[in-house]
Amino acid sequence: MTIKPLADKVVVKVEEAEQTTASGIVLSTSAQEKPAFATVVAVGPGGVVDGEKVEMTVKVGDKVVTSKYSGTEIKLDGEEYTIVSQSDILAIVE
Amino acid sequence: MTIKPLADKVVVKVEEAEQTTASGIVLSTSAQEKPAFATVVAVGPGGVVDGEKVEMTVKVGDKVVTSKYSGTEIKLDGEEYTIVSQSDILAIVE
Amino acid sequence: MTIKPLADKVVVKVEEAEQTTASGIVLSTSAQEKPAFATVVAVGPGGVVDGEKVEMTVKVGDKVVTSKYSGTEIKLDGEEYTIVSQSDILAIVE
Amino acid sequence: MTIKPLADKVVVKVEEAEQTTASGIVLSTSAQEKPAFATVVAVGPGGVVDGEKVEMTVKVGDKVVTSKYSGTEIKLDGEEYTIVSQSDILAIVE
Amino acid sequence: MTIKPLADKVVVKVEEAEQTTASGIVLSTSAQEKPAFATVVAVGPGGVVDGEKVEMTVKVGDKVVTSKYSGTEIKLDGEEYTIVSQSDILAIVE
Amino acid sequence: MTIKPLADKVVVKVEEAEQTTASGIVLSTSAQEKPAFATVVAVGPGGVVDGEKVEMTVKVGDKVVTSKYSGTEIKLDGEEYTIVSQSDILAIVE
Amino acid sequence: MTIKPLADKVVVKVEEAEQTTASGIVLSTSAQEKPAFATVVAVGPGGVVDGEKVEMTVKVGDKVVTSKYSGTEIKLDGEEYTIVSQSDILAIVE
Numbered sequence: 000m001t002i003k004p005l006a007d008k009v010v011v012k013v014e015e016a017e018q019t020t021a022s023g024i025v026l027s028t029s030a031q032e033k034p035a036f037a038t039v040v041a042v043g044p045g046g047v048v049d050g051e052k053v054e055m056t057v058k059v060g061d062k063v064v065t066s067k068y069s070g071t072e073i074k075l076d077g078e079e080y081t082i083v084s085q086s087d088i089l090a091i092v093e
Numbered sequence: 000m001t002i003k004p005l006a007d008k009v010v011v012k013v014e015e016a017e018q019t020t021a022s023g024i025v026l027s028t029s030a031q032e033k034p035a036f037a038t039v040v041a042v043g044p045g046g047v048v049d050g051e052k053v054e055m056t057v058k059v060g061d062k063v064v065t066s067k068y069s070g071t072e073i074k075l076d077g078e079e080y081t082i083v084s085q086s087d088i089l090a091i092v093e
Numbered sequence: 000m001t002i003k004p005l006a007d008k009v010v011v012k013v014e015e016a017e018q019t020t021a022s023g024i025v026l027s028t029s030a031q032e033k034p035a036f037a038t039v040v041a042v043g044p045g046g047v048v049d050g051e052k053v054e055m056t057v058k059v060g061d062k063v064v065t066s067k068y069s070g071t072e073i074k075l076d077g078e079e080y081t082i083v084s085q086s087d088i089l090a091i092v093e
Numbered sequence: 000m001t002i003k004p005l006a007d008k009v010v011v012k013v014e015e016a017e018q019t020t021a022s023g024i025v026l027s028t029s030a031q032e033k034p035a036f037a038t039v040v041a042v043g044p045g046g047v048v049d050g051e052k053v054e055m056t057v058k059v060g061d062k063v064v065t066s067k068y069s070g071t072e073i074k075l076d077g078e079e080y081t082i083v084s085q086s087d088i089l090a091i092v093e
Numbered sequence: 000m001t002i003k004p005l006a007d008k009v010v011v012k013v014e015e016a017e018q019t020t021a022s023g024i025v026l027s028t029s030a031q032e033k034p035a036f037a038t039v040v041a042v043g044p045g046g047v048v049d050g051e052k053v054e055m056t057v058k059v060g061d062k063v064v065t066s067k068y069s070g071t072e073i074k075l076d077g078e079e080y081t082i083v084s085q086s087d088i089l090a091i092v093e
Numbered sequence: 000m001t002i003k004p005l006a007d008k009v010v011v012k013v014e015e016a017e018q019t020t021a022s023g024i025v026l027s028t029s030a031q032e033k034p035a036f037a038t039v040v041a042v043g044p045g046g047v048v049d050g051e052k053v054e055m056t057v058k059v060g061d062k063v064v065t066s067k068y069s070g071t072e073i074k075l076d077g078e079e080y081t082i083v084s085q086s087d088i089l090a091i092v093e
Numbered sequence: 000m001t002i003k004p005l006a007d008k009v010v011v012k013v014e015e016a017e018q019t020t021a022s023g024i025v026l027s028t029s030a031q032e033k034p035a036f037a038t039v040v041a042v043g044p045g046g047v048v049d050g051e052k053v054e055m056t057v058k059v060g061d062k063v064v065t066s067k068y069s070g071t072e073i074k075l076d077g078e079e080y081t082i083v084s085q086s087d088i089l090a091i092v093e
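Chains as they are written, first to last, in numbering that gives the first Met the number 0: chain D, 0 to 93; chain Z, 0 to 93; chain B, 0 to 93; chain E, 0 to 93; chain R, 0 to 93; chain Y, 0 to 93; chain C, 0 to 93.
Pulled out of the complex, with its shape left as it was, chain D reads as follows (with noise of 0.2 Å):
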C-alpha cells in the first residue's frame, strides 16, 4: 500500500485511547475528547501551500497529538487513518 499525501498533509494513525510508551509513560485521551494521540504513517513533501512556504517538519513513526477537530478519516485496506494539515499537529510526544 502507498499512500502519497500531497502539500503539507500527514497521515496518522490514532492510537489507542490509552496506552503505554517505550519509556512507561501512559498516554491516554478519554474517547468523547477530541486531542489524539497519533503516529505519522505518511508525510507530504511541504512546498508553497496558500502562498506560503512549509517545510515538513515532522517525519514518519513520529507519535503526536493532532488538535481537536482537526482531519479527514478514510479507511484503506480495512485500516482507518486520519489526513491532518501538518499545522493541525501541535506537539510530538517522546
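Please note that a few of the clues may not be correct.
[As the list claims (entries may be wrong)] When the alpha-carbon atoms are kept at most 30 Å apart in a straight line, the in silico BS3-like pairs for lysine-lysine are as follows:
id : chain 1 : residue 1 : chain 2 : residue 2
1  : Z       : 52        : Y       : 52
2  : C       : 74        : D       : 58
3  : E       : 74        : R       : 12
Calculated directly from the structure, the hints in this document are not laboratory data.
Small disclaimer: the values here were computed from a predicted structure and weren't measured.
Once you've looked at the hints, dock chains Z, B, E, R, Y and C against the given chain D.
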C-alpha cells in the same frame, strides 16, 4: 467530450464506495462518510489563484482522496463528476 | 443592448437544464441542483481585484459550469442573466 | 446639494423597477429582488482602501447594476440614495 | 474636555434625525434607520492600522454619513458621542 | 506585584461607571453598556503581531475608552483587571 | 517524559484556581471563568507560522495568563496539560 477545468480546478469521478485496486487494496468509504476516493479525469492549468501561484501536482488517472464537503457535482452525458480545487485533494493512493 | 461587466465580472445566460450540444453531449442539471451550465455573453476587462491582478480566461460564447450559490440574477429586456466573478466559473465544456 | 463620497464609495440613485431606456431596453427588477439598476450620482476619489490601490472606473451618469444586499440607504433633501463600494457595482448598462 | 482618538478612529456627534443645513438641505434619518448624519468632533492621527498606512481625510467639523451598525457609543460630560473607524465614514455632506 | 503583558497587550483597570475627572468632566457608562472607561496599568513591549509591526502609543496612567466586547478579565491579588489588545483602545480621555 | 511542541505552540500546566505566589500575591480564577493562570512546561521552536516569523518570548517556568477558550487539553502520564499558541498567552505574572 471535453471538459476543461479553469485555474486550480480538477475534475474527478468519485469511485464506488468499496473496490479493489490493481494491487489488491480494498478501498472503502461508507455511504455516510463524506471523504471520497476518486479518479482524476481532467486537470486545470494552474496559474495565479487568489494572488498565489498554484502548480498542479495531480495528473489525469491519479487515484485521490478528496476532503469532506468539497466540490461541485455536475452531470455530463449521463455521468456524474465532481469539480474540486486541487487544495481539496489530500492524498494520492497508489 | 450593451452590458459591460466591471473588473472580473462575467455575464452568463444559464442554459436549460437539459440540452444536447453540437457534439451530441447531453448536458443536464436537475432543477434542484445549483451548479449551472451557462453561456458567456459578456466578459469584464479584468485588472486588479482585491489587490490581485486578474486575467480573464473565458470569452464570449464559452459554455461554462459555474459554482453553487454564486452570482446575481438580473433581467434585461425580458431575458434573465446572471453576473458572476470569473473565479466562480469552474470549467469550460466543449 | 453636494455629497462627496470618500475613498471607493459611490452614491447611486436606484431606478424604478421597470423602465425603458433611450435605446428601448426594458429594465426590470422585481420588488422582491435585491439587485438594483441605479444611476451613479457621485463618485469617491479612490485611493488606498484596505491597503489596496483602488481606481475608480464608474462615472457620474452611468447606469449600473449593483450586487445584492449591498449599500447604505440615506435620505437627502427628500430623495433616497444608496452609498455602495465600487466593488459592489457589477456592470454598466448602456 | 479633550478626547483624543487613537490611530484611524474618529469621534462624531450624531445629529438629530431631521435638520436643515445652511444651504437649506433637509437631512433626515428615520429613527429606525441605522446610517447616521453626524458631525466630526475629533480625528485620530492615522498611521499604520492592521499593517496598512491610513491617511485621515476627514476633519473636525465635517458633516458625515456613517455606515450601518458601526461605532462605539460613549457618554462624556452628559453628551453622547460615537467613536468610529474612518473607513466607516461613507461620505461628507456639504 | 508585576504583571507584564506580552506583545501588543495592555492591562487596564476599568473605572467606576460614573466619576468626575480632575478637569470636572463627568464620565459615565451605564452598567449595561459594554464600552469602558479604564486606566492603563501595564503596557506590552509591542513588536510584530500577526506579521505586522505594532508600536505602543498608550502609556501607564492613561485614561482610555476600550471597545465593546473586548478583553479578558483576570483577578490579581483581589483586584480585577482586563487585558486588551492596544487596537481595542479607541481613544484617550484627558 | 518529553513533550516537544511544534512551531509556536507552548505546553502549559493550568494552576489551581487560587494560590499564593512566592511574593505573596493571591492569584484566583473562579471555576466558571475561562482565563487561566498557568505555568509554562515546554516551548516550541517558533519559526514561520502562517507565513509570519514568530519569535518565542515565554520560557519554561514562566507563570502566564492565557486567553479565554484557547488551547487543547491532553493527559500525559496522569497529568493534564494544555497546548496553546504563544499568541494566546496574554501576560507573564511575576
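Hints the structure violates: just list their numbers, smallest first.
Failing hints: none at all.
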